[in-house]
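Kindly generate the complete structure, drawing on both the sequences and the hints.
Residues per chain, in single letters:
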Amino acid sequence: MATQRAHKAARLMISPSVILLLAWMIIPLGTTIYFSFLRYNILTPPASWTGFENYYYFLTDPAFIPALVNTLVLVLGVLAITTIGGILLALLLNMEFWGQGIVRILVISPFFVMPTVSALVWKNMFMNPVNGLFAHLFRAFGLQPVDFLSTLPLLSITIMVAWAWLPFATLILLTALQSLDSEQMEAAEMDGAGWLSRFIYLTLPHLTRSITVVVLIQTIFLLAVFAEIYVTTAGGPGYASTNIPFMIYNVSLKQFDAGMGAAGGVIAVIIANIVAFFLMRAVGKNLEL
Amino acid sequence: MARQTTTGQRALVTVAAWGIGILISFPIIWTVLTSFKTEATAIASPPVWFNFDWTLQNYIDVNTRSDYARYFMNSVVISIGSTLLGLAVAIPAAWSMAFQPTKNTKNVLMWMLSTKMMPAVGVLVPVYLGLRSMGLLDTRTALVIIMMLMNLPIIVWMLFTYFREIPGEILEAARMDGANLRNEIIHVLTPMAVPGIASTLLLNVILAWNEAFWTLNLTTTNAAPLTAFIASFSSPQGLFYAKLSAASTMAIAPILILGWFSQKQLVRGLTFGAVK
Chain C
1 MATQRAHKAA RLMISPSVIL LLAWMIIPLG TTIYFSFLRY NILTPPASWT GFENYYYFLT
61 DPAFIPALVN TLVLVLGVLA ITTIGGILLA LLLNMEFWGQ GIVRILVISP FFVMPTVSAL
121 VWKNMFMNPV NGLFAHLFRA FGLQPVDFLS TLPLLSITIM VAWAWLPFAT LILLTALQSL
181 DSEQMEAAEM DGAGWLSRFI YLTLPHLTRS ITVVVLIQTI FLLAVFAEIY VTTAGGPGYA
241 STNIPFMIYN VSLKQFDAGM GAAGGVIAVI IANIVAFFLM RAVGKNLEL
Chain L
1 MARQTTTGQR ALVTVAAWGI GILISFPIIW TVLTSFKTEA TAIASPPVWF NFDWTLQNYI
61 DVNTRSDYAR YFMNSVVISI GSTLLGLAVA IPAAWSMAFQ PTKNTKNVLM WMLSTKMMPA
121 VGVLVPVYLG LRSMGLLDTR TALVIIMMLM NLPIIVWMLF TYFREIPGEI LEAARMDGAN
181 LRNEIIHVLT PMAVPGIAST LLLNVILAWN EAFWTLNLTT TNAAPLTAFI ASFSSPQGLF
241 YAKLSAASTM AIAPILILGW FSQKQLVRGL TFGAVK
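Chains as they are written, first to last, in our numbering: chain C, 1 to 289; chain L, 1 to 276.
Quick caveat, the hints were computed from the structure, so don't treat them as lab data.
Predicted model, so just to flag it, every value in this text is computed and none were measured.
Be aware that one or more of the hints could be misleading.
[What the hints assert, rightly or not] Now the stretches of chain L that chain C is said to cover, found in silico as 3 or more residues with beta-carbon under 8 Å:
| id | stretch |
| --- | --- |
| 1 | 93–107 |
| 2 | 126–135 |
| 3 | 175–189 |
| 4 | 248–254 |
Ideal Cβ placement from N, Cα and C applies to all residues, glycine included.
Right under this line is the structure:
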């Protein structure tokens, strides 16, 4: 009796969260799938059934291949910078030095800057070809300043996004490093293991799981980069810095093609789910009940 | 670390660490410095570092010309409102999963996490059109609800990892001493749960404050928070670096300070307890 009542109470306590999330998943996602089969212009309803036409148009749109490649380049570029940089920084910050607390705060700060601020600060105050700090720096060395956002748009956005995520990777890897057994390290050192072999055989295996988590979580967020593109290049020049989210935004809310936008949305969901599958496995392994 | 380091080594590491720390946070430092310059000094070539006439004019300009207070209040209402609403829904759920786990608990938790994987852009069209037909576009109500749904999985997960660390025996002991359920919750559990709830609150306010997909797409003027306000500087007229810097400094300062206090919770919350 008592346990039955407890179970009932437990179900009652969990259900609001579950119902809300279920509704949030099913209603918009179901509607997206439904819309993706409609010829539906937001400005000129009504909509009509069109089968897979929207998918065909989305996948053959001249923006699609560049957007897919840009999405991959952006994700992989930022991942490379942040994990390698994060490991190096975590190793450095794990050593003994004066003012650890303040340096930690300095390193973590970019993560708390909202994307629109970081993008506009980088765009105007650093990458602007006339007044940006990089332009001043180039001129000081007698070089021609580079117009980053029109000549290297994707690289510029990669730098902005990596700047925001490097602190995240560093902080997580540093947390993991601090739980490394120092006695094992000392034993290895006494046995004559060099710095590099200690790093490869002790530190790196210890970090593997945290690196996996960093990579997977960042991937989820990096697949969805939007604001940085929205306020800097607006996807241009041409499609040079359009990624999948920005392309869907363009199709849906700029060209008012809700059907094709929805088809793009379904494709984005599929891509994210492939990544999510691996993330869930990594997190699930750790969850012992 | 137990190993001895010489003062020389330590000095070297100190220089390297400080150098890199300043380099990484330099865009923030530079923005704050620029916010106290005049527009002319802000673009001076070569750049001026510290010896300029410090002025608060940009802060005054941004506040008087742009209705800054309204955007700020929208950010406050959306981030705090959505987090409190999320906590109200999530606390009972996390509570019962932590103290009365069933064989389904793990599945429920993993499923909640999976909802977080759904890319926002995948449901942009129906959410936008749905809100439009309900007349909720550009309202705080819509953003509070959406932000709550976005962060609900993280809130449940964080609370769950904190609650799980409260020893169950303490409840039994209280029960033995004759405490009823009400006393148990007020006198025993609440004091132990408050730190976890506070950390969860902090991290989720930060996440909601900085969210820039829904806030950019679902607001225009009335409910626009600071993310959208700053985005309006993307098509500038005339000299604006100093004013952009002042607006940016005001937009990031509160959250930067909150963030410094929540470093540890950040790791735990964003890795769903996988790294502690």
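Violating hint indices (sorted, rising) = Failing hint: just 3.
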